[in-house]
Amino acid sequence: MLPWFLAALTLTVAVLTAFPLGRHLWQVFDDRPQPAWDPWLLPLETALLRWIGDRGQPAANAWAYLQPLLVANACFGGLAYVLLAFQPAWLNPLGWPGLRWDLALHTTLSFLTNTDQQHLVPEQSLGSFVQLGVIQFLMFVSAASGLAVGFAVIRGLCGLPLGNFHRQLVRSLTRVLIPGSLLLALLLLFCGVPMTLADPLRITTLEGGSQLLIRGPVALFEAIKQLGENGGGFYGANSAHPFENPNGLTNLVSTWAMVAIPAASIDAFGRFLGNRRQSTLLLLLVTALIAVGAAVAMAAEQGGNPALAAWLSGPNLEGKELRFGAGLTAFWAVLSTGSMTGAVNGAMDSMLPLSNLVALFNLFLQVLFGGQGIGIAYLLVFMVLAVFLTGLMVGRTPEFLGRKVEKAEVVWSSLILLIHPVFVLLPAALTMAGATDLAGISNPGPHGISQVVYEYASATANNGSGMEGLGDGSLWWNLSASLSLVGGRYLPIAALVLLADGYARKPALPPGPGTLATDTTLFTGVLAVVLLILGALTFFPVLALGPIADALVLAG
Amino acid sequence: MTSLPARTLFPRMPRGRRDQRRYTPRPRQKGLVRRAALQAFVKLDPRTVVANPVMFVVWCGTVVCLLATVRPDLFGDGAEASGRLFNALVSLTLLATLLFANFAEALAEGRGKAQADALRRTQARTQARLLDPAGGERLVDSSTLHKGDVVMVSAGDTIPADGEVIEGVASVDESAITGESAPVLKEAGSDVASSVTGGTRILSDQLTIRISADPGKGFIDRMIALVEGAERTKTPNEIALTVLLAVLTQVFLIAVATLPPMAAYLEEPTPVVTLVALLVALIPTTIGGLLSAIGIAGMDRVAQFNVIATSGRAVEACGDINTLVLDKTGTITLGNRLAEEFLAVGGHREAELAEVALAASCFDQTPEGKSIVRLAEQRGAVLPFAVERATGLDFSARTRMSGSDDPAGIEFRKGAVDAIKGFVRSRGGTVPDDLDGAYEQVSRLGGTPLAACRGNDILGVIYLKDIIKPGIRERFDQLRRMGIRTVMLTGDNPITAGVIAREAGVDDFIAEATPEDKIAVIDREQKLGKLVAMTGDGSNDAPALAQANVGVAMNSGTQAAKEAANMVDLDSDPTKLIDIVTIGKQLLITRGALTTFSLANDVAKYFAILPALFAGVGLGPLNLMGLASPQSAILSAMVFNALIIPALVPLALKGVEFRPLSADQLLRRNLLLYGLGGVISPFVGIKAIDLAIGALGLL
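Here the protein sequences come in this chain order: A and B.
No gaps in the numbering here: position 139 of the first sequence is 139 in my numbering, and each next residue is one more.
No gaps in the numbering here: position 670 of the second sequence is 1226 in my numbering, and each next residue is one more.
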């Protein structure tokens, strides 16, 4: 019972904290006065912007918004690539060699796109200063970029100008991510997470063997990893490692941190719109959907492996940390894949097919809280599509948030529908076509399909978790996953910004009894069905061949 | 209010549908289906199909399956030769899907074409008597007439082209375009009765007409082009929907194309024919096949209401209208106001007033004037002079009064109360104190007060009663539920206008309105982001008609009004605007309902085809419907997919039934019908077809 209670508690807390945090986000991105923050931060922010050479004027159009975003990301990425590929000694006291070009490229893009898919074992490849200065830096700016875009999209759809990218990026950092991470890091510190630049410890184990314990500035790293929905661990074992996630409390707080900001973004959307009913309904819908997924996965893991039922009873403990147990590991996995965090506190590969199914489903949808800023933006896109599909049935050109949904909106929204098939299914099929020499898949049968599809789904959705079990450090995996990372990040961002910009320019129409109201339980139900049909129907064949077939085989 | 039966005064469909009218050239219904069936094959031409991305995918799939029928081993996909029968059956079903979709479109087009042919018959070439500017007259073919030419027509002739009467008075039979047999009076200079349409027949006298349209650009030509669908361009919403359907098709194309390598990893063969079947089942063929038919049928429905729309865009815009700007007279009230009461003032007796009213109205031929005469005679009044020796004075907009002068020079006048006051004062008279009271009393009743005077003496007020059309209140209630605001424009004083507005149930009114007010109202509403529809007929309505999002001109109106409007109502019935709004909404709902239905179908199709395709991987338990065999399952899904198109053709052509409900109620209702229905019906249908295939022993 305890895992169920704790899971429900975590979700409830996430919903409750969404309201005050949402108010804060709204104030930050609507440039509202914040008396407690402004005296400290305004001069700093202004100075930073002046240093970049930006006067903070709102972007005149979509391109003027996108250009600084792309330039900034290119600069961050270029710098990070050089440092990762060469690992100069002053950043790297342990003297790890520079990364191979394709691995450096994949790692750079992975952290730049807020994905944090890792084809390397970080503590055995990267020095502490690299982790702190390069990886952690990318974690902050990639999350901030996502938040900036998310709120630009919200602003556009609510009829406001998109805003200025640099300004939003800076404010995301100074007022949301840095203070939030510092607070979270302090809490983790008290719970025993290390924060040090000291050298590794060499200890003697109980068996008398010798073990190198690598320490590092983990607490802050861990905080932004969870709060910024990054997910890339300081250690290869990620949150299953006791230095990242020492006890039950850190486990629950870390689970909450994954969904805190995306849930708050939904509430902030309602404040921008001036319609809290709308945002609260969305928040409840998303919470309900992810709760269903979590329940399926938790029930499956706690029920144990049906194929072993003849010999073993009890939960499926393969690949689980006993500190957390089967239930809360499954809960973590669902929230980690639903939000685009991708951190893991157990082995995804060892989970039962039903849990894999829920995880894959989350990745395909990308809105069950969803990525930093991108989650709410995707949710709004699905709303546009739902309004367009069903809105016709009330006998008017569909209207959403007081503006007509016409060709341009449909083009940009449906472009986002195409991203997943193109960047998940195509490379997965290519990999499978050359299965023997390329994939290095550790499992035959349906489970192998799940592993390959998962890798690309995780990259495209900018999640970063891995089912693993693939020889994924190879040239093919690094390059093909890099393509999915970039395609899954920047194409949707461009489409989202174009959609929002066009929307803001449309004439606003007053709502009336003849307009389709979206802040009703009826429409929320419609949205749920459209999410399931558009988000999942496309992937039903591949889900059937992967986890569903896997589950049916296990069940005998 | 009169007790006339509502049907005769205000039928649901003004003057009935075009094809039910006695005098309309009747479209040939015979052979419509046969011709559409023939067209369905002609439309298999890939150059035609490529315009519709969804159906083009089906077309390609058909070709692939046909090839696989001829040479089952062609694709080297492990499908053995025994699959030839199955491949042939799938190919046939796919072909049927294409043909059904083509048939739906051809049928919709055919109905328009038949109507166009009927119209064209009225357009037979005639000889026209062209008047040379230099003087003189020569016979030319009507098809050579150009804009600006002047022709002469006399009794029995067919008017050669659209034009403006510049001389003469004549009665014209316009039944060819309006379906109404009663002749219409046409005369020069009149604002509304001076335009004539090519193809109509002049019954008496003669007219000199200045041609206003170049050959092939006339009114009937436009009408033909429209109903025939020759100028059909996709409407904005249709384009947006096509984009979405194309993207969904690409998404499913990728989803299916990536299956073989994955299935190969599981050592499960994926025959090409089965993959094609899966693809065709998933892409939205139902809405893809019916989309253009829905659009054409929508235009056709408008035409059947005897309304000519200049574009499909206009019809679609009708569904979005937020505000209707309506003239009071003829739309909300019956055109004719009738005298109801005489209210004497200034110590005069009612009989005296009746006598003066009779005297002032004896030359008045308007329905109002006649009703005053009738009421006065009922009250026992007799003319105080001999009509032959008196002179009449017509109403004019400047004086706002009419009347007569008797042989002795006594002036009898009736008219707007202000105007009569001014008249009396100018003759040195005084205005009785109780006149304003009577004026207000009548206004409060919603009537029009007319003052009557003899010389400089005001005798009282004639109460003209406005009769609100029966049933109009209910229609405004419906409109309100649909979220449409109505604004009434009237020349009446504010009190009268307020009373009528309340009684008729309009949301807002503008009293003492001038034509400029129309533009002001439209402007104001449009600034609020609303879409406005209005009707009009006079030349001074033209700017407002052009400004409105949907402007409906009356056919009886001037050429200028008709050119400015984006629709012309051949029956000149302003109430029809409400019907046109309904048609626009119906068009959008039909499109949305079939799209939802089409997508909802996919759920069941997955459960039919996937377990059949991958039975070897252990997906057998997903066969929820318990279909007999993999081949039968796939074939059943395909047959359902094909048959659903003709099953929905009547719905696509007739349109989904529209009810004036709020958006929420409409959504709930249509979601249940087409969303839930779309999920459930294929489960039932596919199972039934599977049983039938089993019973026939087809596989």
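Heads up, a few of these hints could be off.
[Claimed, not checked] Some chain A residues judged to face chain B by a derived CB distance under 8 angstroms, without partners named:
#, residue
1, L70
2, A72
3, L91
4, V394
5, G395
6, L509
7, P513
8, T538
9, A544
Hints listed in this document are in silico derivations from the structure and should not be mistaken for laboratory results.
The beta-carbon is built from N, C-alpha and C at its ideal position, and this holds for glycine as well.
field: Violating hint indices (sorted, rising)
entry: 1, 2 and 3
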